[in-house]
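> Listed below are the residues making up each chain.
There are 4 protein chains.
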Amino acid sequence: MTKKLRVGVVGATGYTGEELVRLLCRHPQVELTYASGKESRDVKLQEIFPYLKNSVDLKCESFSFEEAAARCDFIFLSLPHTVSMSVAPAFLKAGKKVVDVSADYRLKDAKVYETFYKVKHKDQANLKRAVYGLPEVYREKIKKAILVANPGCYPTGAILGVLPGLRHRLWEGDDVTIDAKSGVTGAGRKAERSLNFSEVNESFKAYKLFEHPHAPEINQELSRISGRSVAVVFVPHLLPVNRGILSTIYVRLKKELTTEKLLSIYQKEYATEPFVKVYPSGALPELKHVVHTNFCDIGLRVNEERRLAVIVTAIDNLGKGAAGQAVQNMNIMCGFDETAGLA
Amino acid sequence: MTKKLRVGVVGATGYTGEELVRLLCRHPQVELTYASGKESRDVKLQEIFPYLKNSVDLKCESFSFEEAAARCDFIFLSLPHTVSMSVAPAFLKAGKKVVDVSADYRLKDAKVYETFYKVKHKDQANLKRAVYGLPEVYREKIKKAILVANPGCYPTGAILGVLPGLRHRLWEGDDVTIDAKSGVTGAGRKAERSLNFSEVNESFKAYKLFEHPHAPEINQELSRISGRSVAVVFVPHLLPVNRGILSTIYVRLKKELTTEKLLSIYQKEYATEPFVKVYPSGALPELKHVVHTNFCDIGLRVNEERRLAVIVTAIDNLGKGAAGQAVQNMNIMCGFDETAGLA
Amino acid sequence: MTKKLRVGVVGATGYTGEELVRLLCRHPQVELTYASGKESRDVKLQEIFPYLKNSVDLKCESFSFEEAAARCDFIFLSLPHTVSMSVAPAFLKAGKKVVDVSADYRLKDAKVYETFYKVKHKDQANLKRAVYGLPEVYREKIKKAILVANPGCYPTGAILGVLPGLRHRLWEGDDVTIDAKSGVTGAGRKAERSLNFSEVNESFKAYKLFEHPHAPEINQELSRISGRSVAVVFVPHLLPVNRGILSTIYVRLKKELTTEKLLSIYQKEYATEPFVKVYPSGALPELKHVVHTNFCDIGLRVNEERRLAVIVTAIDNLGKGAAGQAVQNMNIMCGFDETAGLA
Amino acid sequence: MTKKLRVGVVGATGYTGEELVRLLCRHPQVELTYASGKESRDVKLQEIFPYLKNSVDLKCESFSFEEAAARCDFIFLSLPHTVSMSVAPAFLKAGKKVVDVSADYRLKDAKVYETFYKVKHKDQANLKRAVYGLPEVYREKIKKAILVANPGCYPTGAILGVLPGLRHRLWEGDDVTIDAKSGVTGAGRKAERSLNFSEVNESFKAYKLFEHPHAPEINQELSRISGRSVAVVFVPHLLPVNRGILSTIYVRLKKELTTEKLLSIYQKEYATEPFVKVYPSGALPELKHVVHTNFCDIGLRVNEERRLAVIVTAIDNLGKGAAGQAVQNMNIMCGFDETAGLA
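Residue numbers (our numbering), protein chains in the order written: chain A, 1134 to 1476; chain B, 1134 to 1476; chain C, 1134 to 1476; chain D, 1134 to 1476.
You can trust all of the hints, since none of them are fake.
In this list, chains with the same sequence are indistinguishable; a pair is considered to hold if it fits within one copy or across any two.
In silico lysine to any residue, SDA-like type, Cα no more than 25 Å apart, as pairs:
hint	residue 1	residue 2
1	K1387	R1357
2	K1341	Q1179
3	K1341	N1436
4	K1186	K1401
5	K1171	T1215
6	K1136	L1191
7	K1241	H1345
8	K1171	Y1412
9	K1171	R1326
10	K1251	G1415
11	K1251	A1416
None of these hints come from the bench; they were simulated from the model.
Isolated chain A (complex conformation):
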């Protein structure tokens, strides 16, 4: 039997960290050897998350670089934005491979980062070599990467929804409107009155109109894919559910297309993708089909008269939108089967 990869999760008690732990515990080729969390008082992971009984026996410690580096070959950083970039360089220097699930290495232009995250970028050297971890676009680069910037949850659902049409130059101008709705775990596990159950339950709202930092991330990637400057209209909303992002995407078509024709382009584009599922004509994804999975489900319909397509994508914001995709990236970086631990 081959030796298992020793992996650590720095920031194991947030929602994404918890999901990483859950996935890594059942991954056949890795062993979770290190976990740290802000609130740890030397408690065991299986006490914080009782369902881990039988699955793991590991302390959740206060973060120590030395401990983590000594006990792991591969590091997941599940830290708040702006904290990751102060921790990542040392791991990289020590020869560890890193997947960072924060936003710190996603925006290639440090100035855009500074505008949206309100802090100076402290690690531009590694920013340059970080690979944007969307396997459907960058699989070959991810194979060789030592630092992967795991995509944001909204960008994952948005980019996968427009990618095939962008590659085939089907969209008219940059007229992409993304009306996205996310479950509440997307906001993190924090004490905040606006996230109190009674504030969110039985309500619904748009938020951060034209100010959400995932908009420049979407624009960056759509521009790189298409080779021209794309600027989407992006409006996020807060859904009273725990998990999931559904994005309703509106694009204008350059030329006449039927629903079936556009679907067949999508199906071909994603034919070999293990975690993208294109629905048959007439069917649309729903959150319940994707939560607790690493899938991005896609359905669409063309309004021929109006030369318009509506594309609907659904992901689990903690799955394909965060921890699931992070594990998929690790699988690619380490030469494992891409679906290992994710089926």
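Following the hints, position chains B, C and D against chain A.
Just chains B, C and D now, kept in the frame of chain A:
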């Protein structure tokens, strides 16, 4: 003391019927003298809806035109689409004023009705004289109406969101995209597996893409208001909440406008409207602000660079989207204070 | 027209304060002339709660005793436990009538208060003359009270559920088990990670087992009613809903009784009570029947073989469990119709 | 590599059937070779449940005994009560091992079955040899069983909560009160108005008071375990969540015991159980700790003064309460690791 108006609710046990009963019971100028419902086994309304104790003492009967006509001066029809038009003519002939909350008298073109509701229209005579009951547009006509077609829930939130810009010819072309999200009472009180709690809860989906009958209703009204043919893109979604519709509306602007300028146009347009509330710059409506009210709350923001505005409207689908607006229409038709029973 | 009572709400921005404002705005005999709140930055109430448009035009100020006393005849204190007792004495001294919705004047024995609320009681003088504001038990005393301690939410549902049997000495020993389930607004509008939407939604738990301060409050009142020392078993649970408390109460019967016989005792006991509703045999209350009302609904069933009764009561924790009952108490204290503003 | 066990799920489209499919698809020692469902129109399982992409490629057929028997060695019957017993005998006769998740083989006394399920029992021969599939009680018998009656969801949480005290004769008389709260999937995937989202959401109720068929099942098992006739008080409630049952259990103690002492008895009793987790003193289970798992989590606290214990158990009604436990039973019946496919 003046005599109270005797009102009846035909179809009192659906969600809209129930809300009508609730509102009418506390209306100072009316007396609820008749209620019928499909499932009635001669039970009292206050047994079906226990919270009506102290408020009403009335049987919920099997429908009888004679009974209803004998005991009421004013009739609310809260019946399924296609049933209302077989019942309304007799009431009108008997001199009763009628507010119909079904779709039967909303679409002026019977052919469009037949396309979307899959049945022949049986009462085109009254269809012609029915007034579309959106007070913010047709208040003067409603005053004189004997038959009011109460607007659909989605159209109410959509039309009020674009009306000021349409009147001031601010929108570019007919480029109006309406991404609408509705609570589950909008689907009615019926046994249907897809509406089962476990199917809807923790999920979210788009539905009836390009096929929802509220789309032609929105188009009809926006075309009448603007004097040209408008065809919106309308995508409804099912929210896991009981009540409320939030509509996110995307429009392109003909000319440069700031958020403040557009807001001031909206504020002026709705300054005297008792049930429309325009939010100050930076604020956006949320469902929890409007449920259990008759308000339509509106917030918006302009992206100057893109010459685009995003307008968000929120209503209670059972309030301003159905029963509340029906009572508002009755108030106008009968010369009552427009806010009576709705504060 | 008679002059309206000038009322103030100290602590208007919590859930109970908000509900008080909502109820007082539509009360025909009072005028809301003062409101204060911790987070006020001189904003208007109708901006904090947009649905109050048309209903009120009043600033929500930082608390000032002088302002409140000058502008009000009647004061609702909706403050955190331990804060009320530092504010109430001055109002009472100034001749204002006060309803306190906190726990500060409920427990007659200051030592019990100090055990459960972990602070010294600072106003034992007023504690003595405070009347426990459960109208079904203390209506005559409330009529003459100047300080009413509004009952806790759990105690209201629990006491009303066992009162008739207690008065008729039907229960065996003190064997009363109360398994209570409350919506999340019962925990107040605060930033707390354990109240975060994603922590509460899709979950359920018991909490404060044998440690909840409402247990001694229930014991105190059941003991006073029965004239002997009663100590219930009380287990509260947190329900993933906004509003409502359902209490399932288990009692042993001294002698044989049928469901019908016990129901008829309950029906007689509560026959003239405007806000208690006893269900017919076979029916049980549900939260949806009582939320947004001031009712306590009661259903029960006897297991004759086991000499046991299960009694189920339902209230809105913000209605009969807090703000609604506070208004009911004001109505009684001021000689208004007891149901005014609450129908 | 050893050949995999060929398993079939009869009734694969209900909630329990779906969960069985999900679990079996990732079980290392079985191959899902047959699935039938009422609504099947020869669609594939992965089209009904899109998240099964990558996991299975199998048609969901109309039920045919011949097909199922030809293609499977092991059968899960996930059929409505009263249907299972007309299908099971043929499989048993054909030498297949069967786990029945319906109630048809749980109640040893056919008359009790007939009282609660309102139909005659048609297969008393197999009823006699069916083993009640609660591994914590009947593991040795399950090893040799060819027909296992998978326990009801409520009985699983209830029995595991009182078992250790019952075995150690700690409870006074038969005074066991079980206040149980279940998520909505427990009611099955059916069209029923009372299960409509808007009827269940934001509400809560007790139901089937003294009439639920799980009460005699609990009584039967507690009586067998204790060797005397036990009759519990059992009140089920409907929780507005998808999954999970939390049971709050009240027992009187024969003699003085501390919380710590009682906990240590529970911990010893369940020390080697892979799917029971006893919490340390001060901690209580919550539904979110057990949903999507096969665990039964248990916490408790003794009130020494009252000689009373409150025991709280939590399970996933589709996990340990149905499909998970069914797979655990298969593991035991087939000599697999008991946790295979369930970690």
